[in-house]
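Colleague: Here is what each chain is made of, one letter per residue.
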Amino acid sequence: MFPPNPYKLLPDKAFWRRSVANRAKHDVDPVGIFNLTILEQTKVATAGSCFAQHIARHLRKSGYNYYVAENGHPLLSSEVKELNNFGTFSARYGNIYTARQLKQLAQRALGVFRPDEGAWRNATGQILDPFRPTVQPGGFSSEAEMLADRAQHLNHVREMFANLDVFIFTLGLTECWRSKSDGAVFPLCPGVEGGDFSEESYGFYNQSVDDVVNDINDFMSMLKAMNPTAQVVLTVSPVPLMATAEPGSHVLDATTYSKAVLRVAAESIRKERSDVHYFPSFEIITGIFSRGSYFASDLRTVTEEGVSHVMRLFIAHAGGRTVSPNALDEAMSSASSTEQIAAAFVDVECDEIALDRPS
Amino acid sequence: MDNPRIVVIGDSHTRALLKGYEDFRQRFPSTGQISIHWLQSEKAGLIRGDLSLTDAETILKSLAPNDLLVLSFMGTLHNIFGLLQHEQPFWVLDAISPDDNNVPAGHYLFPRSMLATLFEHHHTKNKKVPLLRHWTRARVYHLATPPPKADSFVEAKTKIYRDRAVSEAGITPQRIRGRMWSIEMECVSRVCKTLGIGFVAPPSPTIMSDYLLRSEYYEDDATHANATYGALVLEQLYLLAADTLIP
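Those sequence lines, one after another, are chains A and B. The opening position of the first sequence corresponds to residue 0 in numbering that gives the first Met the number 0, with each subsequent residue numbered one higher. The opening position of the second sequence corresponds to residue 0 in numbering that gives the first Met the number 0, with each subsequent residue numbered one higher.
To be clear, the hints were calculated from the coordinates, so they are not data collected in a lab. All of these numbers come straight from a predicted model, not from anything done at the bench. Errors might be hidden in some of the hints.
Short, incomplete list of chain A residues facing chain B, as computed with Cβ under 10 Å [unchecked claim]:
1. V79
2. S140
3. D209
Computed, partial: chain A to chain B, Cβ under 7 Å [unchecked claim]:
4. E69
5. P73
6. G124
7. A143
Across the chosen pairs, the derived CB separations fall in these ranges [said to hold, decoys possible]:
8. A/F112 x B/G105: 19 to 29 Å
9. B/R163 x A/G62: 29 to 39 Å
10. B/I46 x A/G319: 54 to 64 Å
11. A/L251 x B/D209: 35 to 45 Å
The C-beta atom is built at its ideal place from N, Cα and C for all residues, glycine as well.
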């Protein structure tokens, strides 16, 4: 006897009422297909936007093998390493907001793309790496020093790609600023944190779904050439845009566009490739079931409660371990209020904040 | 009005001042009372130094606002970290003219600001300097350590440094040690400023353009300066005590 319709065969998670509306906040689990297993010895590397720093932090503290390929000199204590942004991600690349940035990072690490852009100077005259403008506190003392540090950094990036088992990349933005001479994209618009903006030299570009899909696929080709067994997890950052440069756009409208593009692109790639997986960080934080409670009062900073929900589900699905809703919260924070918890990790470097700095 | 008292308290680098005292006194016979002390510390069961912390407190609390307390504790990290080649060799570029832009293969490039963070992280944890400063109403200064010495001299004079054999480890090249010293002195100066303490740079005749100590001021070991250097530092302190600008 055949069922009356296909929906009768679907699990509870296919139904809004059963899996979203009638569930307690902490019990909502929007993970769809996720076939990746991460063991304690699996080398997990991370990169991405500000939100990715939370993932890195939690992996470190949850007993996983958070892989840091660029760990600084042994003379540096752990506090000094942290001050110099070692360990924020798996290499000292700073925030990587767009798929284009990720692709170009891999190209630069392989030596197949050597951007024309020289060093930037900030308002106090410090020399910055335009592709990592906030990575070195105090800046570099000369362009030569910046280039030498960049070279040793890219060696570590290559090493990271070659040796990781799993790469978690958090897609943050579609909007970018790029050099008109060679298409190099920057994590920040020139002139914001360093460099000098000119319309002659730089242009705004808002990536489409095709752009993101092509960039990620190009990146995957390079990654798999270095590391045939590498697996990638894509996730979309739930953090709204600090500002939009899309002409005529409202920042909320621009945010929706960006996140939609990134979400569609991630899904397209996941469906095409068995080595790319999607994890729904975006859905967990922004889903209506939490009624906005996973955002702090600025409606942009993600609370520790929200990050814990994401990581609890990640550990459950990837690691096969069940973690209680409170366990990660207790492990990560002793702050009493949402604001304190949120404020505690605005210390993670979010370059975008510079876009809205008072002049 | 009596000449201000000058009290110098520090570690082994105060020996240069002690040795240079007679020479200084002959040239400046009318200075006020000067006392130079090595604060006691214990290492491997051995007590070095001649002044206990308790006695230091007594002395410092007796100083008047016009007197001078001169400290010498911070500024040795460039030797601790860099005299011998680290197992992971490193390199530091010159700030003004990075003409040796090529970092040797296998060397870690330390951005200068990262090295500064490393030094500052250690020096801000120094407990002696704020404690001694707290005990006195006198004007307080901190001395720079002597600049580093040439490779050939260090190699000839040093067999073992901090339990490592020089012949096995090798010496960090002098131009790197010089750069480390200059970065560390900038750092010490900044830390002193936060503590409300003045900073006394090395006497200008003693330092060369690549931040090395001139050989005529070498003591017969890897890191210390001699009596002639010490006498010049005392002259700096004499001028400070008299509120005269240091040349």
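Colleague: Determine for every hint whether it applies to the structure shown.
Modeller: Verification of the supplied hints:
1. With a cut of 10 Å, the hint placing A/V79 at the interface with chain B holds, because the nearest CB-to-CB distance is about 5 Å.
2. Proximity of A/S140 to chain B holds as hinted, the smallest CB-CB distance being about 4 Å (cut-off 10 Å).
3. Interface restraint check: A/D209 against chain B, minimum CB-CB distance 39 Å, threshold 10 Å, status violated.
4. Restraint check, A/E69 versus chain B: the minimum CB separation of about 11 Å is more than 7 Å; hint violated.
5. Interface restraint check for A/P73: the shortest CB-CB distance to chain B comes to about 6 Å, inside 7 Å, so the restraint holds.
6. For A/G124, the interface hint is violated, the least distance from its beta-carbon to any beta-carbon of chain B being 12 Å, above 7 Å.
7. Evaluation of the A/A143 hint against chain B yields a held restraint, the C-beta minimum of about 4 Å falling below 7 Å.
8. Checked against the hint of 19 to 29 Å, the C-beta distance between A/F112 and B/G105 comes to roughly 26 Å, which is consistent with it.
9. At about 36 Å, the CB distance of B/R163 to A/G62 agrees with the hint of 29 to 39 Å.
10. Evaluation of the 54 to 64 Å hint for B/I46 and A/G319 yields a pass: the beta carbon distance comes to about 58 Å.
11. Distance hint for A/L251 and B/D209: a CB-CB separation of about 58 Å, inconsistent with the stated range 35 to 45 Å.
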